[in-house]
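Colleague: Based on the provided sequences and hints, a complete structural model is requested.
The residues making up each chain are set out below.
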Amino acid sequence: MAFSSVRSSTLLGVQGKAVDVEIHVGMGLPGFTIVGQPDEACRESRDRVRAALLSCDLPWPNRRITVNLATSVHERKGGAGLDVAIAIGLLIVQDILPNEIAERYAFIAELGLDGTLRPVAGVVPLVAAIDDRIVVVANECEREARIAARDEVVCAQTLAHLVKCLTGEAAWIPAPTSTQVRTIINAAPPIIDMKDVRGQSAARQALEIAAAGAHHLLFVGPPGAGKSMLAQRVSGILPVLTDEEAVATTIVHSAAQVSLPQTGIITLPPFRAPHHSTSLVAMVGGGTSTMRPGEISLATNGVLFLDELGEFAPTVLDALRQPLEDGVVRLARAKSSITMPARFLLIAATNPCPCGEGMPGVCVCDDSAKKRYLRRFSGPLLDRFDLRVAVSRPHVDELLADTPAESSAAIAKRVLHVREMAMLRSGCLNSSLSADMLDEFAPLTTSAAALLRYHLERGRLSGRGYHRIRRVARTIADLQSANNRSIENGIENSTDQIDEAHVATALALRVGVHPQLSGDRL
Amino acid sequence: MNDECLLAAALSAVPRLGTRRLSAMLAVQSPSKAMEMLGREAPGAQEIAAMKQKLEDGEMSVSYIGAHDFPALLVDDVARPSVLFYRGDLNVLQQRRVGIVGTRSATAAGRYMASHLAYDLSEQGVAIVSGLARGIDAWAHKGVLLALDRDTKSHDGKISARDSHCGQAIAIVASGLDVTYPKENAELWKFVAENGLLLTESPPGTMPEAFRFPLRNRILAALSEVLVVIESHAKGGSMITVEEAQRRDISVMAVPGSPRALSSAGTNLLLQQGCAPVVDATDVMVALGLDNRRNHPQVFDSRRTPSAQDQELISQMRGEAVTLDQLLMRTSTDLVQTALALGRLESEGWVVNNAGWWEVLGRGC
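Just so you know, the protein sequences line up as chains D and L, in that order. For the first sequence, our numbering gives the first residue as 1, with consecutive numbering after it. For the second sequence, our numbering gives the first residue as 1001, with consecutive numbering after it.
It is worth saying that the hints were derived from the structure and are not from the lab. Beta carbons are placed, not taken as given, at the ideal position from N, Cα and C, and that holds for glycine. Any given hint could turn out to be false.
Below are the EDC-like pairs computed for lysine to aspartate or glutamate, each with C-alpha atoms no more than 16 Å apart in a straight line [claimed, not checked]:
hint: 1; chain 1: L; residue 1: Lys1235; chain 2: D; residue 2: Asp366
hint: 2; chain 1: L; residue 1: Lys1183; chain 2: D; residue 2: Asp367
hint: 3; chain 1: L; residue 1: Lys1183; chain 2: D; residue 2: Asp366
hint: 4; chain 1: D; residue 1: Lys195; chain 2: D; residue 2: Glu406
Some chain D residues close to chain L (C-beta under 10 Å, calculated; not the full set) [said to hold, decoys possible]:
hint: 5; residue: Lys195
hint: 6; residue: Gly199
hint: 7; residue: Ser201
hint: 8; residue: Met359
hint: 9; residue: His455
Modeller: Below, the structure is given as structure tokens:
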């Protein structure tokens, strides 16, 4: 037999694509070529496959070998995950394995020179791309592979072991069942708790509102005020991911080769805190031929925390604007164009001015220095923060107080309640309410409308700001009713009116970042 | 422009000729004589023509120490300037004059104080001397601008700002009059030149170099009868002006601030050393010997008196800027109620949010 075709898959962005690895062995000068737009790692598999076959005492055909990577679309294929498929194809061509193997199995693993099966990046999306075959992966990524909602995953240790398994001479490595995997996962506790945060009552409440309604939050305050401490605790008060969210998040993390928890699946909302030297590509994704997901995709269904917001490059920050609105990031390159998920809760922290103090009377920066500093954040980006809170250093009494503050668990209960209430009412979280949904689900009382009108007339609110305030006010009202009625009573479908107090609170938690330059209102 | 003034202007631009030497020369002889005395050092015809062009382009007037219109206040000064460039009217110096100075990085409450004090004083016919810097200086003159504006409007525009009974603005700047600094005060700069007096000793084209500001401050001090410091750090331009004023026996007054606010460290230090405190315009009027309490009613505050509950909140905020957090901690009320009260007070103009910090404006209620 001179020809065989073995199924495998390659990665583009966060999506796997099935690839048929076609192998032809024919007459001619001995040689080995791979065609079909392979990338460098792919082309190197020639040497790896040959070494692995020889190490496992399997024969190598000394003839002319041509490998073609066939997909429905013409694009560059990357990664080393095709190694095993090529090796198996060569064995089928040499009649060492029967041809039926290719119709029953697909192979996703890299080969070591000694014939070991090695894990590859993005096993979850790669496995998910194959729907009608049993997938063979390396032992190490077995758990990851099972997340793609498939039980038809088997693993082997080496190429020699794999051949024996395929011919029925040896057994596959046994794996735990998927229910076992689930139980381990849900036991993982959050490590840091809100009860460690002393004082900061406004900032705590802002964080709770942000978590409950998925509203983006900006902390402004002097160094040492506890901005980062607060932000890091947000994942503890967010609800555990749903199964769908967990799989989607795990796919992205797997595709980006970010280490997954021991259980293989991510169930806690991810918390990404990239350093401010992060490049544009690292933030939004792309860069390699496989289009690696960026930080915003990794933070999907979780939190993106940008500490020292002012130190990020302006281009990097402005690239966040479209994903913040759409929840996805669309990347287009010369040869490919992909969409990756990017629905995250943005939490940022910044100093109010170059000297860091910010408090009028203590700050030593003059107005022009402050203006220059604040020019680093574009107006449109600032406008996308629903909550902007000034954080001050806690009072000594609060810092030394013995009574611990409310714990994350208690807050998480309310957050979950409000989230469920919102889903029941409008089918989305409060931050995603559209303008017409706002009128239906968050009607304003007359006094609340008057208060908003006052701020709009004075130019303190933009059109976008107006809607954002109303969404935040909805969450505040929800949290209040969650507090008043006992949560155990179950969830009610409440569309009570938003009154002045809720709007005033939303406004007080969305302070202007720019210094007030007027002296008075003579 | 007469020739003597032009020659005096040209002489002031000679680099090697210091202020002290030139003022000594011009005090006893006319600029043309001084030119002769200088001989080879004297500016050439070309330089004089260039100076003439600059003065005409910039619509600047010149006065020198021997001239009849040279301000009498400066003739006998310990560090008198030799030549003055100005726009506006030197007669404004005949009014009662109060210097208002302060830091460039002021709090909103400080800016409010500066503009309100200047407004009230100007209404009583007192001219305001200041330096047109950012922060307090600019807001003091904005107060004068508003007072003049209101006065001309109350006469249905029949009188010009110059004929108003209000005190005018007197600004002493460090750069040449054709170099506006800082740029954002250009409007104010123009207003002062048109309605008051914009004065400098720097010849046209002089850049605002750092060493010129302390020199400017000595003229500012010399032209004030009383110097009021609104807000000042422990060191800075305002404190230099205070020293210059003290050298000249001009009384210095200061507005008290929170002991914790760095921007009031300088003024609190002055108060510690025994200078008189300023709480409102009456204090300054008394210092000028113009007690006006009998013939003028209390200054009208258009803001509605807050409820007792809101007044309680204001009293918690008095003194220094606070964040929402600190306010919640001090009042131990919940976020929603506090936010509601702050919204009410803000719309009435009692409090203002300054980049996240809340400040009380004025004396409160």
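Colleague: With reference to the structure, classify each hint as holding or not holding.
Modeller: We went through each hint and held it up to the structure:
no., hint, in the structure
1, L:Lys1235 <-> D:Asp366, "15 Å, holds"
2, L:Lys1183 <-> D:Asp367, "13 Å, holds"
3, L:Lys1183 <-> D:Asp366, "15 Å, holds"
4, D:Lys195 <-> D:Glu406, "5 Å, holds"
5, Lys195, "17 Å, violated"
6, Gly199, "7 Å, holds"
7, Ser201, "5 Å, holds"
8, Met359, "5 Å, holds"
9, His455, "9 Å, holds"
Checked against the numbered hints given earlier, this structure breaks only hint 5.
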